[in-house]
Structure formats: C-alpha cells, structure tokens
Amino acid sequence: MGSKQHDAIVVGAGHNGLVAACYLARAGLKVLVLERNAYVGGAAVSRSLYEGFTYSNCSYVCSLLRTEIIRGLDLAQHGLQIIPYEGGCTMMRTGEHLAIYDNHDAMRRELARHSRHDAEAYDRYVRDMLRHCRFIKPLLLRAPPDPTSFKPRDIRELLFLGRHFGKLGEARMYDTLRFFTMSCADMLDEYFESEIVKAHLAGSSIIGTALGPRSPGSAYVLLHHYMGSIDGAVGAWGFARGGMGAITQALAASLTASGGSIRASAPVAQILVRHGRATGVVLGSGEEISAPVVVSNLDVRRTFLETVAPEHLPGEFLQQVRRFKIRGSSGKLNIALDGLPHFPAIPPGSPCTRGDMHITDTLEMVERAYDDWKEGRWSRAPYVDMLIPTQIDPTMTPDGKHYMSVFVQYCPYQLAEGEWTATRRQAFGNTVIDAIARHSPNFKDLILHAEIRTPRDIENEVGLTEGNIFQGELTFDQLLFNRPIPGYAQYRAPLKGMYMCGSSTHPGGGVMGAPGANAAHAILRDLGRMQ
Amino acid sequence: MSRGRGRRYDCIVVGGGHNGLVCATYLARGGRSVLLLEAAERLGGAAVTREFAPGFSVSACAHLLHLMPPALRRELDLARHGLALAGDDVPTTALDADGRHLTYGPRDLSGLRARAAADAESYATWQAQLRRLAGALHPVLSATPPRLGTGTWRDRARLLGLGLGVRRLGRTDMRELLRIGAMCVHDLLEERFGLPLLKGALALDAVLGTNLGPRSPGTVMSLLYRAAATRGAEVLQQPRGGLGALSAALAGAARAAGVEIRTGAAVERIAVREDRAAGVVLASGEEIAAATVVSNADPKTTFLKLLGSEHLDAGFVRRVAQLRARGVAAKLHLALDRLPEFPALGAAALRGRLLVAPSSDYIERAYNHSKYGEFSAAPMLEVTVPSAADPQLAPRGAHVMSVIVQYAPHTIAGGWDAQRERFTAAVVDTLAAYAPGLRASIRATELLTPADIERQFRISGGHWHHAELALDQFFMVRPVAGAAQYHAPVRGLFLCGAGCHPGGGVMGLAGRNAARQVLREAA
Numbered sequence: 244m245g246s247k248q249h250d251a252i253v254v255g256a257g258h259n260g261l262v263a264a265c266y267l268a269r270a271g272l273k274v275l276v277l278e279r280n281a282y283v284g285g286a287a288v289s290r291s292l293y294e295g296f297t298y299s300n301c302s303y304v305c306s307l308l309r310t311e312i313i314r315g316l317d318l319a320q321h322g323l324q325i326i327p328y329e330g331g332c333t334m335m336r337t338g339e340h341l342a343i344y345d346n347h348d349a350m351r352r353e354l355a356r357h358s359r360h361d362a363e364a365y366d367r368y369v370r371d372m373l374r375h376c377r378f379i380k381p382l383l384l385r386a387p388p389d390p391t392s393f394k395p396r397d398i399r400e401l402l403f404l405g406r407h408f409g410k411l412g413e414a415r416m417y418d419t420l421r422f423f424t425m426s427c428a429d430m431l432d433e434y435f436e437s438e439i440v441k442a443h444l445a446g447s448s449i450i451g452t453a454l455g456p457r458s459p460g461s462a463y464v465l466l467h468h469y470m471g472s473i474d475g476a477v478g479a480w481g482f483a484r485g486g487m488g489a490i491t492q493a494l495a496a497s498l499t500a501s502g503g504s505i506r507a508s509a510p511v512a513q514i515l516v517r518h519g520r521a522t523g524v525v526l527g528s529g530e531e532i533s534a535p536v537v538v539s540n541l542d543v544r545r546t547f548l549e550t551v552a553p554e555h556l557p558g559e560f561l562q563q564v565r566r567f568k569i570r571g572s573s574g575k576l577n578i579a580l581d582g583l584p585h586f587p588a589i590p591p592g593s594p595c596t597r598g599d600m601h602i603t604d605t606l607e608m609v610e611r612a613y614d615d616w617k618e619g620r621w622s623r624a625p626y627v628d629m630l631i632p633t634q635i636d637p638t639m640t641p642d643g644k645h646y647m648s649v650f651v652q653y654c655p656y657q658l659a660e661g662e663w664t665a666t667r668r669q670a671f672g673n674t675v676i677d678a679i680a681r682h683s684p685n686f687k688d689l690i691l692h693a694e695i696r697t698p699r700d701i702e703n704e705v706g707l708t709e710g711n712i713f714q715g716e717l718t719f720d721q722l723l724f725n726r727p728i729p730g731y732a733q734y735r736a737p738l739k740g741m742y743m744c745g746s747s748t749h750p751g752g753g754v755m756g757a758p759g760a761n762a763a764h765a766i767l768r769d770l771g772r773m774q
Numbered sequence: 080m081s082r083g084r085g086r087r088y089d090c091i092v093v094g095g096g097h098n099g100l101v102c103a104t105y106l107a108r109g110g111r112s113v114l115l116l117e118a119a120e121r122l123g124g125a126a127v128t129r130e131f132a133p134g135f136s137v138s139a140c141a142h143l144l145h146l147m148p149p150a151l152r153r154e155l156d157l158a159r160h161g162l163a164l165a166g167d168d169v170p171t172t173a174l175d176a177d178g179r180h181l182t183y184g185p186r187d188l189s190g191l192r193a194r195a196a197a198d199a200e201s202y203a204t205w206q207a208q209l210r211r212l213a214g215a216l217h218p219v220l221s222a223t224p225p226r227l228g229t230g231t232w233r234d235r236a237r238l239l240g241l242g243l244g245v246r247r248l249g250r251t252d253m254r255e256l257l258r259i260g261a262m263c264v265h266d267l268l269e270e271r272f273g274l275p276l277l278k279g280a281l282a283l284d285a286v287l288g289t290n291l292g293p294r295s296p297g298t299v300m301s302l303l304y305r306a307a308a309t310r311g312a313e314v315l316q317q318p319r320g321g322l323g324a325l326s327a328a329l330a331g332a333a334r335a336a337g338v339e340i341r342t343g344a345a346v347e348r349i350a351v352r353e354d355r356a357a358g359v360v361l362a363s364g365e366e367i368a369a370a371t372v373v374s375n376a377d378p379k380t381t382f383l384k385l386l387g388s389e390h391l392d393a394g395f396v397r398r399v400a401q402l403r404a405r406g407v408a409a410k411l412h413l414a415l416d417r418l419p420e421f422p423a424l425g426a427a428a429l430r431g432r433l434l435v436a437p438s439s440d441y442i443e444r445a446y447n448h449s450k451y452g453e454f455s456a457a458p459m460l461e462v463t464v465p466s467a468a469d470p471q472l473a474p475r476g477a478h479v480m481s482v483i484v485q486y487a488p489h490t491i492a493g494g495w496d497a498q499r500e501r502f503t504a505a506v507v508d509t510l511a512a513y514a515p516g517l518r519a520s521i522r523a524t525e526l527l528t529p530a531d532i533e534r535q536f537r538i539s540g541g542h543w544h545h546a547e548l549a550l551d552q553f554f555m556v557r558p559v560a561g562a563a564q565y566h567a568p569v570r571g572l573f574l575c576g577a578g579c580h581p582g583g584g585v586m587g588l589a590g591r592n593a594a595r596q597v598l599r600e601a602a
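Keeping their order, the protein sequence lines are chains A and B.
First residue of the first sequence: 244, per my numbering; consecutive thereafter.
First residue of the second sequence: 80, per my numbering; consecutive thereafter.
Bound conformation, chain A alone:
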C-alpha cells in the first residue's frame, strides 16, 4: 500500500490532464499523472497502426490550442511544431468545387466565381466572425461565474462579463445575442446565397456535435471552431508535425522537465474518499496512491458515475451528472494510401487539397445527414472532413505514401438496428469510402489500410464516453455556468480536494487546453499558491 506522497494526482493523461499537471508542477507541486493506456495523449495521439504509417487516429488538426499555453509551457522547446495548412475545398457531385484560400483577395475571386453577391458579403462575414472571436476569447481562460451566488468573486466575474458585453455597444450586443442563439443555416442565410458556400462554411457547425446546421445554437459551434489561431492568424488550422501526438508528447516532456511524473498502463479504478475529502486513488491492480488533491481528466459521467463511490456524492448531483448529455455522433477513418488520390474536380496544381476537403453539394445534404443520425443510422450521404497532412508533414509515412484522416458526421453510438458488429462497422466504412471514391476515381485502388472507428471504438480506446470529442454536447444548457453542472462549473467537484479538468468543463472541447489551465488555476487558488 502507498507510494511516496504526491501533492496532486491527475487521472487521465489526455491533453487537458497534462496541461493541468504542467501548471501544477510549475507551481511547485509534486504531480503524478496516471494513464490507463500504455501511451499518453488520450485523443491527441499519433499511433502507428499500420506498418510504417503514423496516424493521428483521433483528433487530427490543431488550432484551438491556446497560444498562452504553448508559450507558457514551453511546448516549442519540447518539440511541438505546428504547420499551418493552406487551403481547403468543397467538391460537388457535379464536378464543381469551391476552393478556400488564405489570401483574402484570392478567396473573394473564388467566391465571385460562384456568386458576386457572396464575394461582397464575405468581407462582412469575416469581419463579424472576428468580432465574435474577439468577444469570446477573453472568456476562455476564465472560470465561469455562478449567477446564483453572492460571493464577491462571482459578483465580480458577473460584473466583468456584463461590462465585457456592454463594451460591444447597443447594436453589437443584439448581434451577439442573436449570433449565439441562431442556427448556422439562418446565420449564413444572412450573408450568403450560394449553396456551396453555405455548405462549406456550415461544416464547422456540426463537427463533433449532435446538432444539424438548422439547429439553433449551431452558429456558436461554428464559432467554437473558428476561434483558434496559429501564430496570431485567427481561424487558421494546422498540422502538428508528427501527428497530434506531438502535442501531448511535448506536454509530457514539459511536465517531466518541471518535476512531474507520469505512469502509463496504470488504470485508476476508484478515487478514494474519506470524510468528504478526496485522499488519493486506487489502481486496477489494487495499489493505492495517496494525495490531497485529485484531478480528473475523465468526462464528468465517467468521473462521478464510475470512479467515485456513489455514497460520497449528493443524490441530486448524481442525478444531474446522469442528465449531462454526452452523445456520440462522429466516426473516423484513418487510411494509409499508396499515393496521392486524384480529385478531378480540383484544378491541377491547386493547393487546396492540402487543407480540409469536403464533399457536399448543399446545406440540405448536411441537414439530411443529421436526420439520419436522429433515426439511429449512420448518414447515407455523410459529411466528411478529409485531410492528407503528409503533403506537408513528411514524417508520418514512407516517401510517396500518404495518410488520410477522415472525420465523419454523423455516426451514432447506438444503432437502431442493433449493436455495432464488425460487418456493420465495415458497412459504415464502405459508405464513407464509396462517397469519397465518387470524387476520386483512383482512391480505392490506393487504399493500403483503413482503420474504421465508430463512436464505440473511440470510447473503448480513448475512454471518451460515446466517443464524443467534446466530453459533452456544446449546447446552451451545457455551456458556461451550466458546464458541466449548474453550481459546479468552476472545476471543483462536490468533494474537498477533488477537481475536474477535462473538456466536460468550461470552455469545452477541441484540443484547447483551456479547461486544464483553468482547473490548475482554481486548484492553485484554493491552495493559496497563486503565482
């Protein structure tokens, strides 16, 4: 029984757990991170699942990782290199396409090719989106206030939010209120007229989400995916060199350099509680490790319904945890290719295949894909987010060969027809591959290996409930002071010494690191160890 005393234990070495651990270690705490899998990273990993090929087999692109965190934890020194990718496109079944350019003028010209009106509207759209990004950015690295509380800290935070909102000015305040409550489709209708433009932009509003582009609140999800930046370029996305694992490897290195330690293959069976306090954990092997602070990187359901004995938690709290919605809606294919697929819709020499590629004709197609999910089916015409990072990052595959990451909406966790069998998984994979092949005649011939992941596979491997990439839906009832539970939105569990640091907390998911940083901040404040 017992190992040497640690000041804090972090359960789960996902990126948020590692970020939280890094900040705690830097503040002088002796931190131990415990990870169930043999490798760290959670869903931000690079896995070699086919000989010679490295896959970013869960998360696949980087944008949301907070610059403050990259700098604050010296991640570049520890090997992290993010290469912004240029371009992107949406291909239509007609052979037409919409190319995406970083260069604003090139983008306008491309839009004008489809619609003059939309080219004009684009400036207004970008300007408005940037304004929304600027509004939300300061809120990401702050704990939400409790609006029902009279504590000075909460009142101050509410006043801060009020003033921050007020600074927008009357007209902009209404715009913001509307933006945050609208559907992506209605929002885009206020700028653009052409279907392909709207279909392309709407993709970001549904990634990882059990909503459709016509669902109110999906405009916020679009913003959630827009508000990242690379090197100060807001909205830019990039590849981590070596795959997404490079991020968590850099975090692990930063942690060790600060004196923290990590144990892999060490699944935590339970968080130990005595007299209403967390006192440590017990591993699956029976080994007990004690610490006065226990931080869970698991999602809120896994944390409180599986890792803490129910008698230690208020009944009403448990009821609310059970209500917290974590819905699997995404699938993934990781494909090893013998060469670069040809996409006839894209003009030769165009850089737009080096970015995110999509195959959608209309917003209606995307909405219908969502309708399929509601019926417990994978989408017959799925929305895909396809990237071939090896065009820019040579480290992941042998020369001339490529890795394609395909993120798919929608794919249900539970099929209406029954369980996910190997046959059904293959059928799902075939639906996606067939859809892509319609736009690329040589695609199927190039496939050396395809890993097909349903929400259940993601859950089993990574520990994300229902394979939900955000550790919980990003809907109003689960955002800000409601995330994950009203009254428990400030990283503290209902047990002394116990905290939450995963994406189930504000500001939510994506490889952001903000929940981890905010949780560490809360812990250090409680310990009187503020820097």
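Keep in mind that a hint or two might mislead.
As the list claims (entries may be wrong) - Below, in silico cross-link-like pairs of lysine to any residue (SDA-like), each with a Cα-Cα straight-line distance of 25 Å or less:
| no. | chain 1 | residue 1 | chain 2 | residue 2 |
| --- | --- | --- | --- | --- |
| 1 | A | Lys410 | B | Tyr451 |
| 2 | A | Lys410 | B | Arg444 |
| 3 | A | Lys380 | A | Ala765 |
| 4 | A | Lys410 | A | Ser437 |
| 5 | A | Lys410 | B | Leu241 |
| 6 | A | Lys568 | B | Arg444 |
| 7 | A | Lys617 | B | Tyr451 |
| 8 | A | Lys568 | B | Glu200 |
FYI, nobody ran anything at the bench for these hints, they're computed from the structure.
Once you have looked at the hints, place chain B on chain A.
Structure of chain B alone, referenced to chain A:
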C-alpha cells in the same frame, strides 16, 4: 392634403386583429381619439369565425383560447361585451394508435396516474415548477423590453427587475431556468418522463406555432412562453361562437371606450411628412391624418409595404427583410354529417382537444420534411370538434372538425395548388386511423395553407405569429433589434401586433404593451 372626413385623430390603428383592438381600446381609455381601420369586412384578423361550408362555421386559425390573461379580460370587461364560454378547462387527449388514449388536464391527472404513475408524479412536480418559473416570467410579458447599453434609468431598472425576478426564484429554480431556458424540449422531456405518448403531447405544446422540432434548442422557451402568459395555469377554453366571438367582444370594448372603427377600409400606405408619421392613405385614395400611427400588421408588411424602405436606413431594412416569418401551420376544416367516433374515447374528451403526436420522434420526423419544402404523410395534429360543445356552429346532428396541422411549409416543392389534395388526404388518412368512420362522414373540407393564410389575412409569410418564435427573434430583438420597444425608427409610428414582444398566440399583451408605450411617449 385632402382631409377626407376632415378629422385629424390622435391615433390611427392599422388593422383590427385582436392586438389592434386591444391597443385601440387602451389608447382610447388613455384619452386619445382613435380610429381603427380594418381592410376586411370583418374584425379580428385571423381570430374570426367563418362559414366554410353552408351551415358550417369554424374559427379560422386558433380554435381555443388559453393565452389571454384573465386580468386582461377583466380589464376589458369582455364578459359584458358578449364573450361567453362553450367550454372551460377542457381536457387534452393524446391519441394512441392502439386505442389506449391518454386524457389529462391541468387539474386532472387521474388518467395519467392510472397509466404511468411515475410520470404522473413527475408531471405534478413539473407543473409546480413551471408555475413558479412562469410566475417569474409573467411580468416580462407585460412590459416593454428593456434596451441594452442605453444607460437610462428606465432600461437599467427593467434589466435589474428582470434579474431580481429571476433571483427571487431561489437557487434551485434559478439554476434550472438558466439551464433549460435555451434547451430543446426533447431533452427536457427525456429527463423527466418515460411514456412516449405523454412526451409527444408535451412536445406538441412546445413546437405548436414554431418552425422547430422537439430536438431544436429553443423549444423549451416556447413552452415557458406559453406558460408565462397565464402564470402556468394552462387552462383551455372554447369561446361560444368561436374565436370570432372574442373579436366581437374586443370590438365591443373598443367601441365602448370611444374607438371609431371602419371596416372594409384597406390602408395602402403610411403617410410620412418631415420624417414623422402623419397619417395613412387608404386604397381608395382617402387620406386620414393622425399624430400617431400604430400598425397591427406584421413587421415586414408594416415596414416594407406600408411605410416603404425609403424612410428607413439600409441596415434596418436588411434586418426586416431577414426577419424569418415563414408560416408553418396549416388549418384543415371538415364539415361532418355526424359526430366523429373515436373508439374508447368518452364524450367529455371530444369537447376538449385531441392530439396526434404519439411521440417526440414522430413530431421530429414530421418536422424534418418541412426543412426541405415537403410535408409529412404523418403530420402532427391538434384537433377540436367545436360543435360538440357549441351546436350553433353546424346544422343539427352535423359537426365541425377543426385541425391545426404541422408542418406545412409556406413554400412547398411543386407548389400548393398541386399539393393541396394530397396534403388534405394525408391529414384525413392520419385522422381516420383513429376515427374509422371519418372519411365517409365528410361533407366538405377547407384547407388553409400558410400561403392561403398570407393572402386571406394579409400576414406576410402566412405565419400566425407574424414572425417566427425563436430565441433570436424574441424579447429584446423582436421583431428586429432597434424596433423591439414598439416604436419604429420613424417618429410617430408604432407596432402592436404579434410580431412584437411578447409574440404570438391570441394573447393581447402586445396590443396593451404597445398602447402603454404610445401613451408614455407620444404627445
């Protein structure tokens, strides 16, 4: 300019819908000289009773009264002006495909208790909480929405009042309100109830009149909105003589207050002189002067047709053009030669409303079609047989069936002319599954699609609420930011209809709020 009758009024109210009538009455009581102009021959807008087949009459759109606060009715003395009830506190029956119908009312949960005891318990808890939340929200409906960022004492006071009202709910209710306020009703129902039939019925209440499905965030808000109107009382009533009788009573109250009413007087445009409203010009060419013009027409009609975009800045015109007001509810009227027979349903149930909404998923599927300009062969229905309690609506022994149908898109693939028959057949087939002898008993039908409603009641888009009820078109931004306090950007022009706060339904609060705003502001 020619003065027509030579009289200048303090206020002209354009449109004699229920909000216009209410507004005119309060203006007159406030000492103003008021002229109300209605284009149709009959007052009431869409709240009218019409003969749709020889001897058969029906309420054109809404067929039950439940949102008009009792206090407002008392203030207007509607009983004295002829409003009587053929049905009071009528039950709701959720029809079940297997005949195991569920009948319930706000005070009668015995049917629910017998069917699903746990749900009955949950329902009672939910009702109690809904009443508390509705109680806190009710004052919001009866007040002009505050403006943000003005720094005026009035706006600050209103915002503070709103905040305090919510705080006074106490921690648990306040947290729940903040949590569920923008949630989708499907999720709320999943949390609290188990019986699909009950969840379907409650989901219907949330989506009726909206362009949303049960899984759309914002549908709990519409439920709260309904509840707030009557502080959660949820009592359904059937006026004797249909909704037209309500409008007649409102007209009586208006006349008693001194309002001059002219029907058959269509307003062509609002006259503007030196940047302020100066009166109206009728289709006949007659000009009538007034210091204040209050429009009961929907916001798009008011700003883009009656006023004209030349009087508004481009940004405002764009916001009005983008206002979503696509009608989504159709009305089917059936003239029956006998009382419809729903096996296993008692007579009392037929005097209430019958719902075809067997589950939340059923409604969501019906909604899915509307997103693509289609209609579902399995529509969501709210049915009444008003002649059961009010025999004057049909010849002796014969009956009227009044059906609200969702979802019927305003613009349908193929066009409504081509689709009317199929649509009607789909509704009748759906009903016939519950009432086997129905088809044989039909003597006549009338279908009002959103396009018909647009034409006949002069509502842009044919939407009963003048503008869609959605979070981003609600409260401080209803109908658009900059015109949410009833006054238009042009001085002397106001709006008083469902396109304003608090929204639609036969409520009357928009009219009263607008009148109060006019009395506060206009000379």
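Would you list, in rising numerical order, the hints stated earlier that this structure does not obey? Structure breaks hints 1, 2, 4.
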